[in-house]
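Visitor: In the order they appear, the protein sequences are chains P and B. Per this note's numbering, residue 462 is the first one in the first sequence, and the count goes up by one each step. Per this note's numbering, residue 5 is the first one in the second sequence, and the count goes up by one each step.
Just to be clear, a hint being listed does not mean it is correct.
To be verified - Result set (SDA-like, lysine to any residue): computed pairs, CA atoms no more than 25 Å apart in a straight line:
#1 P:Lys503 - B:Leu29
#2 B:Lys34 - B:Leu219
#3 B:Lys34 - P:Ala521
#4 P:Lys503 - B:Arg26
#5 B:Lys34 - B:Leu98
#6 P:Lys503 - B:Gln51
#7 P:Lys503 - P:Arg533
#8 P:Lys503 - B:Ser20
#9 P:Lys503 - B:Gln42
#10 P:Lys503 - B:Glu41
#11 B:Lys70 - P:Arg468
#12 P:Lys503 - B:Gln38
Calculated directly from the structure, the hints in this document are not laboratory data. Computed from a predicted model, the values in this text were never measured in an experiment.
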Amino acid sequence: MTNVELREPSFWVLTALAAGRSHGYALIQETSELSAGRVALKVPTLYAALDRLREQGLVAIDGDEVTDGRLRRYFRLTDEGEARLRDEITRMEANVEQAKARLKIRATPSTRKAIA
Amino acid sequence: VNADEPTAVDAASESSLTAEYRRLLRWYPKQWRQANEQAMLGALLDQAEGEGREASLRAERTAIAKAGLAQRAGLRAHTTSPLTLALGGAGILLASIVPFVDRALFIFPAVQDLNWFNRLEQSDSQELSAGILVVAFALLAFGFRAERGIAGRSVIGKAALILFAAPNLLVVILDSGPMDTLPIDHARLAVETAAYVAATYGGLAGLLVAALIVLRAQVVRGVARFGLPLLALMTALPLAIGHVHSQVIGHIVFWDYSAGIVVLLAIGVLFLVQGASAALRNRYPIGINRA
Chain P
462 MTNVELREPS FWVLTALAAG RSHGYALIQE TSELSAGRVA LKVPTLYAAL DRLREQGLVA
522 IDGDEVTDGR LRRYFRLTDE GEARLRDEIT RMEANVEQAK ARLKIRATPS TRKAIA
Chain B
5 VNADEPTAVD AASESSLTAE YRRLLRWYPK QWRQANEQAM LGALLDQAEG EGREASLRAE
65 RTAIAKAGLA QRAGLRAHTT SPLTLALGGA GILLASIVPF VDRALFIFPA VQDLNWFNRL
125 EQSDSQELSA GILVVAFALL AFGFRAERGI AGRSVIGKAA LILFAAPNLL VVILDSGPMD
185 TLPIDHARLA VETAAYVAAT YGGLAGLLVA ALIVLRAQVV RGVARFGLPL LALMTALPLA
245 IGHVHSQVIG HIVFWDYSAG IVVLLAIGVL FLVQGASAAL RNRYPIGINR A
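Chain B on its own, in the form it takes in the complex:
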């Protein structure tokens, strides 16, 4: 049986053809269907009637599937946020590099003669790094200008991204000694302990939630979308193992902060590359842009 051949006409067939076209139109994204399904269905039925058909054609089914998938791809491409990813990635990269620059100053003392580096050295690079990280994650959460953030529309996702980045700043501020002048009493210890616990577990909870929501939102694509889940896994696993088997394998080093910075640095590079390449593609499309 040739699938392109129309079947026999009967009174009930129009509704079955309508149902068939409706099923086929599911290739299109929901957002598109809400706006266009009825109009396109009407045109499909008009054409079938004009050609005296009571069934869809194979070529028509293929065309619907191709156009529907293209719409989905286009929708995804449209929701990516090139400048948000590029600027957020650059921020993460900078935040990851600042501590290394700080270390490098000890290796190359001559560099300290330069004013810019001197200023950087005099300021606390950890505070600077944590501050940049908060700005970068705020940008990634809320999006640059009208662009969508990497957690999509999820308010929880946005909050989680901030929750991950902000406690680091709190910890480095506490480490820098603003409470040193206060007497060591129960109140001070309680505040410091609460801050460190919030930074460790609040930050981790934020990272875990953010990683899942960012993965679902599909604003970040390719290898870059696995960056935050990898960081979450690398952070959560040693903590979990440490709690369960601390007596047995407590001495095994799964994680240190330099590993975290390397992963964070890689995330920054991936976001930056993805965002910048998408922004360049939008600005300078390859080949002839045909209507």
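Isolated chain P (complex conformation):
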């Protein structure tokens, strides 16, 4: 499973949970903030992502709490989830390094001429 690509919402959900346990709506707000507004999750989409991540053992339910008569279900990152997030970061960093290296080649006028 280590080379499996994470979707952006799943990546941000894992990232949000890396800081500590959180519940549904708080996760929606956090993922939106962390992604600079690119990921605007709806509750059904968030729960579908959480179901998938739970099936893969990356997140776990961390208890239910009732606040103002509403049930809030808390989720936490598992050890496997943390390892998966670290793998994903390593993969993304490697991608960034490759892209930067290619752009450096393109940026040199002599190489640009050679390519042309």
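Given chain P, work out where chain B should sit, using these hints.
Guide: Same frame as chain P, but now just chain B:
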């Protein structure tokens, strides 16, 4: 009126919004709702409150419907039993082919020189076929390892599948002559008659019940799920017509055993293909498996 626009806020609206979300959550399967409805409802209400809304958004309703249907599809996919279907289908297929192999030995006598075929020929292929069929239907009824059987959780369905397959074995055992040494008396005739009646009507009753329960259980899907009902219809119809109008159309051949074997063979192929393709899909998912 834009359905995405929130309506005016009033004191009673929260409960109506709660009721609306509850209605929308019915898109999800019951099993999922029992575990998650309250938590998801809380999150939906939190989000509506955070955005200052007192009504659901159209995009939200669409997302709930899509996610709910996906859950239902996923649940169905999860309950299919690939190895049970593949092995059960292979068993039915083998049971259907064995009698043909037996016949083929008469057409190709040279084949009888081969040891394996000789052994098969020496053993009674009908008994072998009926035995394999019982094993295949037991497997389909109870499921392979932790998989669910094709009748789902229904105990009656499981019993019906066995009831359909087992009498065939009883009949071929009786046909093979274990009672031949006994004198032909009333007791022997009564036992044999009871066995044949049980095999014909018990097997048919088992098939009819099993066909309905398997259809409802949705473990078998696609064309394959109509296999047992078709077999039941093909078996029941001539019997029913035969009883009602035997004097008029008794001579019309609706059914013979080769037709039954062909349908059974087709069921075996369909189960095998469905089970094997599902097992392969599970083992080698197509495309990138994304979390």
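Visitor: Against each hint, give a clear statement of whether it holds in the structure.
Guide: A quick look at each hint next to the structure:
A threshold of 25 Å between alpha carbons decides the hint, and for lysine 503 (chain P) with leucine 29 (chain B) the separation of about 14 Å falls inside it, so the pair holds. Distance hint between lysine 34 (chain B) and leucine 219 (chain B) is fulfilled; the C-alpha atoms sit about 20 Å from each other, no more than 25 Å. Restraint check for lysine 34 (chain B) and alanine 521 (chain P): satisfied, since their Cα atoms lie roughly 22 Å apart, inside the 25 Å limit. Of the pairs offered as hints, the one joining lysine 503 (chain P) and arginine 26 (chain B) holds, with about 16 Å between alpha carbons and a cut-off of 25 Å not exceeded.
Note on lysine 34 (chain B) and leucine 98 (chain B): the hinted pairing is violated, with a Cα-Cα distance of about 39 Å set against a maximum of 25 Å. Of the pairs offered as hints, the one joining lysine 503 (chain P) and glutamine 51 (chain B) holds, with about 9 Å between alpha carbons and a cut-off of 25 Å not exceeded. Distance restraint check for lysine 503 (chain P) and arginine 533 (chain P): the Cα-Cα separation of roughly 16 Å lies within the 25 Å cut-off, and the hinted pair is therefore satisfied. Taken as a hint, the lysine 503 (chain P) and serine 20 (chain B) pair is honoured in the structure, with Cα atoms around 20 Å apart against an allowance of 25 Å.
A distance of roughly 16 Å separates the Cα atoms of lysine 503 (chain P) and glutamine 42 (chain B); the hinted pair therefore holds under the 25 Å criterion. For the hint pairing lysine 503 (chain P) with glutamate 41 (chain B), the CA-to-CA distance comes to about 15 Å; that is within 25 Å, so the pair holds. Distance restraint check for lysine 70 (chain B) and arginine 468 (chain P): the Cα-Cα separation of roughly 18 Å lies within the 25 Å cut-off, and the hinted pair is therefore satisfied. Proposed proximity of lysine 503 (chain P) and glutamine 38 (chain B) is supported: the alpha carbons are some 21 Å apart, at most 25 Å.
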